[in-house]
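Quick mapping for you: the protein sequence lines, in order, are chains F and G.
Under my numbering, the letters of the first sequence match residues 1 to 245, in that order.
Under my numbering, the letters of the second sequence match residues 1 to 356, in that order.
Hints listed in this document are in silico derivations from the structure and should not be mistaken for laboratory results.
Sample of chain G residues facing chain F (criterion: CB under 8 Å; computed from the structure):
id : residue
1  : Glu-215
2  : Arg-219
3  : Ala-222
4  : Leu-223
5  : Gly-224
6  : Tyr-225
7  : Arg-226
Even for Gly, the Cβ is constructed at its ideal location relative to N, Cα and C.
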Amino acid sequence: MSEPLLQLQGVHTHIGAYHILQGVDLEVPPGEFTILLGRNGAGKTTTLRTVMGIWSASEGSIRFEGQEIGNLGTPDIAQRGIAYVPENMGIFADLTVHENFVLAARGAKRSADMDPKRLAWVFELFPALRKFWQHPAGLLSGGQKQMLAVARAIVEPRKLLLVDEPSKGLAPSIIQNMVQAFRELKRTDTTILLVEQNFNFARQLGDRVAVMDGGRIVHTGTMASLAGDEALQQRLLGLSLASHQ
Amino acid sequence: MFSRLLSGDLPRSRMLTLLLLGVLAALAFAPFLFPGAKALNVAAKICIFIVLVASFDLLLGYTGIVSFAHTMFFGIGAYGVAIAITRLGPTWAGVAAGTGCALLVSLLLSLLIGLFSLRVKALFYAMITLAVATAFMTLASQLSDFTGGEDGLSFKVPELLSAAFSLREAPFLGVSLNGKLLSYYLVFTATGLLFLLMLRIVNSPFGRVLQAIRENAFRAEALGYRIVVYRTLSNVLSALFATLAGVLLALWLRYNGPDTSLSFEIMIDILLMVVIGGMGTLYGGVLGASLFIVTQNYLQDLMKLASVAATPIPFLRDLVHPDRWLLWLGILFIVSIYRFPFGIVGKLRLKARPPA
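Take the sequences, apply the hints, and build the full model.
Printed below as a string of structure tokens:
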């Protein structure tokens, strides 16, 4: 395996009195789609937020491209090329879709400054966003908001994409659109770390998988091996793919 | 051309456009349309408060920062000119020196407050600004040799702006072309320019980041924006515009004292004007300030007429007695906030918005 793009070693995170991450060890190889699975409260979202510096790690090391980033603030981490799509989408509802894009393309002052080829590619992935370009983002449907959240993260090339439960609360048809969009994204060799509870969604996309429980990584391997091993799924996730479909 | 002048931020509602044009026309021709010292004073006060309220909205409506120190910066501007003219004489150099010093003091103070306080939670920041503003007001009252204490400072303005200065012997459309009229148009023109400048700021990429911070500070940080820097800059800009509003107030009134520019009552008035007009839209400042100041100045007169008309019905006569104007003012504001939860501008824009 090549040198990991992102590497977490013995990461602990405390939020108030709670000890959430209890020694997370995780490697995200470049150009691959890594899925972080686990039950509710396992620490998946906290892991992403700790990487982004939204919550500081109390112990351990977080390295990105071989450089320690655990001591940096969130804006510095983002400026190194890590994009984050939070669970609650985090769109700016009062701003238009266009303004949301311009904010994400930090070098751009207006849409004309954005790379037109890249923009066209994003519109191919999410055609609805072109239609609602000048509409306030708050008026979009749940699925469109999620599309905007992902589109905003890829409007500029990023080295690493952290995505938190993109399928949560979406209708099955929208989830399939999202799967297609991520497949397209995968073809561009973008490195993605995606947190997901929907195993069926995760199975269609992941190259590698890490399973969390109790604030630790309890399993790492290829998605193919986990998807093919029902007993392992039962043991790690308390479910089987067959029962989840 | 018109869109460019407004930095692309058009009213986006026919009714709102009409209301804004109405206010603009009324203010532009106020000396000719509404003769008398009171009417001109009300028009000038509306102009000054448009700048003050819009600058507060830059902070509250666009960045989501609650500050109670806004009148402090307003007072710094007014005191800057008052003190400079008192010491240097009624010259333009005095006005320039006072304005320059006031802007410098406001810049340093707002920078300090911003850098040290904007990292804390919103409520604590509001409390810190309240404490600083109260301390400043006490200081202004105590340093009587410098500020005139509770009595304040009365001063003369440069000759061009004094009532004795006459541009033409004969009146024009029944209005004397004197220094007072020039003062009014100085205030009116400065208001227009400062308002357009604020529109440019809130519609720039910088303004867009401020709105993003207001909506979701964590998300804005995750996009790579240093929110403390943006919040501090917004705090500084807002303070500088409030200072310039204070300069205009001093030049118009030729007087400044703690109650005129620093009082907590003015802070409450600004808050009400922002909420009534609509937060996060500078046009709200125009409507909020106009409505509030006109009501504040003319409601009592209106009630006097109503009270006379209601003489045969004792209960109604007592209810609309001019002494009860503050009660009715309060009721009017409660009704307007209930009726327009997003402010007048918010409501009008919502009505005019096409369905998604």
